[in-house]
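Enquirer: Listed here are the chains, written in short residue letters.
2 protein chains.
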Amino acid sequence: MAATGTSADRTKRADAVRNIEAIIDAATRTLAVNPDASVNEIARAADVGRVTLYGHFDSRATLIREVVDRAIAQTDEALARLDFDGDPRDALGRLLEATWHLTHRFGAIVVAASQVLPAEQMRRAHDGPAARVRRLLERGRTTGRFRDDVPIDWQISLIQAIVHGASSAAHRGEITADVAPVLVRDAVLAAIST
Amino acid sequence: MAATGTSADRTKRADAVRNIEAIIDAATRTLAVNPDASVNEIARAADVGRVTLYGHFDSRATLIREVVDRAIAQTDEALARLDFDGDPRDALGRLLEATWHLTHRFGAIVVAASQVLPAEQMRRAHDGPAARVRRLLERGRTTGRFRDDVPIDWQISLIQAIVHGASSAAHRGEITADVAPVLVRDAVLAAIST
Chain A
3 MAATGTSADR TKRADAVRNI EAIIDAATRT LAVNPDASVN EIARAADVGR VTLYGHFDSR
63 ATLIREVVDR AIAQTDEALA RLDFDGDPRD ALGRLLEATW HLTHRFGAIV VAASQVLPAE
123 QMRRAHDGPA ARVRRLLERG RTTGRFRDDV PIDWQISLIQ AIVHGASSAA HRGEITADVA
183 PVLVRDAVLA AIST
Chain B
3 MAATGTSADR TKRADAVRNI EAIIDAATRT LAVNPDASVN EIARAADVGR VTLYGHFDSR
63 ATLIREVVDR AIAQTDEALA RLDFDGDPRD ALGRLLEATW HLTHRFGAIV VAASQVLPAE
123 QMRRAHDGPA ARVRRLLERG RTTGRFRDDV PIDWQISLIQ AIVHGASSAA HRGEITADVA
183 PVLVRDAVLA AIST
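Protein chains in written order, with our numbering: chain A, 3 to 196; chain B, 3 to 196.
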């Protein structure tokens, strides 16, 4: 299709863009609640037909890959806006709060993604946030605010485990989404501070 | 088949029992390393043919269910032998060390199981260990050794998340299996102690 064209062409392209956005939004919402949501359920939530959906995404896996890519991009953007200066413990507290909200918002998408994406790709999805956490940990270890007698990789894994654990606990209703960020911050700071 | 019979019958039954044990052992070893191990790989590791394996287990899912049942039974037995008396922090330290070794031994079986068993069944697999942790936490909260200003369910989820996180980190080679139990104990006690 040429980049320009008749008015009818332009309308068709605008419809396609709108449908694609609606499908990705619906997939994000639906999969965040139910990782096993079918293509039919996603199409219904997007208010488009199955045929339209498959016209834009050749498989459920392709759609999930797109959802995950967007989720990672949004996470990176949100974290990039944070203030990482000042006391490393306060900065880590801010980072944890933001990370928790994002992890919780994307919820079961992690489960859906881990069923269709290779483990290596799942690992890479966390590289961006992990790099930010690492820089902050390095600064806190140097300035004596964080323990430096345990591997930094372990501290990063510990933080991921605690954030994901809190998200699962919130989805199961064991803790409320209100208190979760505080619980996460307290647990992490207790575990890694000097 | 009758419970008694000719000598040839008894030999056949003994062979069947031996094959079943060999298959379950091989499945446990193989799946602990590779959650995607196929029935063929498991049969090879057990030194039995595919037909023999399918004669005893009608599907890969049935075999995994049996592996998980045994893993849970072994975990319960190992934990039941522990001393839960004395200072709750020390007792929790012993419990965590044992739990870590078991979680690490069964490794990727958790991943394999979560792909074929419903979430509810996976949850139930943790009910036994979780009940022991809960009793210990309750005692430590009452005696003022553990924080009682956060939900006890959160403390249980936190412990599970940290143990599983350590197991993944050890499988990825970020921490060694030698230091992992100490790292787990330190992180948990720091996060939940008063």
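Think of the hints as simulated: they come from the structure by calculation, not from any bench.
All residues carry an ideal CB built from backbone N, CA and C; glycine is no exception.
Just so you know, not all the hints are guaranteed correct.
Facing chain B, according to a computed beta carbon distance under 10 Å, are these residues of chain A, among others [to be verified]: (1) I26; (2) V35; (3) H58; (4) R62; (5) L119; (6) I158; (7) H166; (8) G167; (9) A171; (10) D188; (11) A189.
Here are some chain B residues pointing at chain A (derived, C-beta under 7 Å) [unchecked claim]: (12) V152; (13) W156; (14) A189; (15) A192.
Chain A regions said to be covered by chain B (calculated; three or more residues, Cβ under 8 Å) [what the hints assert, rightly or not]: (16) 149-156; (17) 159-165.
Enquirer: Are the hints correct? Go through all of them and say.
Expert: Hints versus structure:
| no. | hint | result |
| --- | --- | --- |
| 1 | I26 | 26 Å, violated |
| 2 | V35 | 14 Å, violated |
| 3 | H58 | 28 Å, violated |
| 4 | R62 | 16 Å, violated |
| 5 | L119 | 13 Å, violated |
| 6 | I158 | 8 Å, holds |
| 7 | H166 | 7 Å, holds |
| 8 | G167 | 3 Å, holds |
| 9 | A171 | 4 Å, holds |
| 10 | D188 | 7 Å, holds |
| 11 | A189 | 4 Å, holds |
| 12 | V152 | 6 Å, holds |
| 13 | W156 | 5 Å, holds |
| 14 | A189 | 4 Å, holds |
| 15 | A192 | 5 Å, holds |
| 16 | 149-156 | holds (count 4) |
| 17 | 159-165 | holds (count 5) |
Of the hints listed earlier, those the structure fails to meet are numbers 1, 2, 3, 4 and 5, in rising order.
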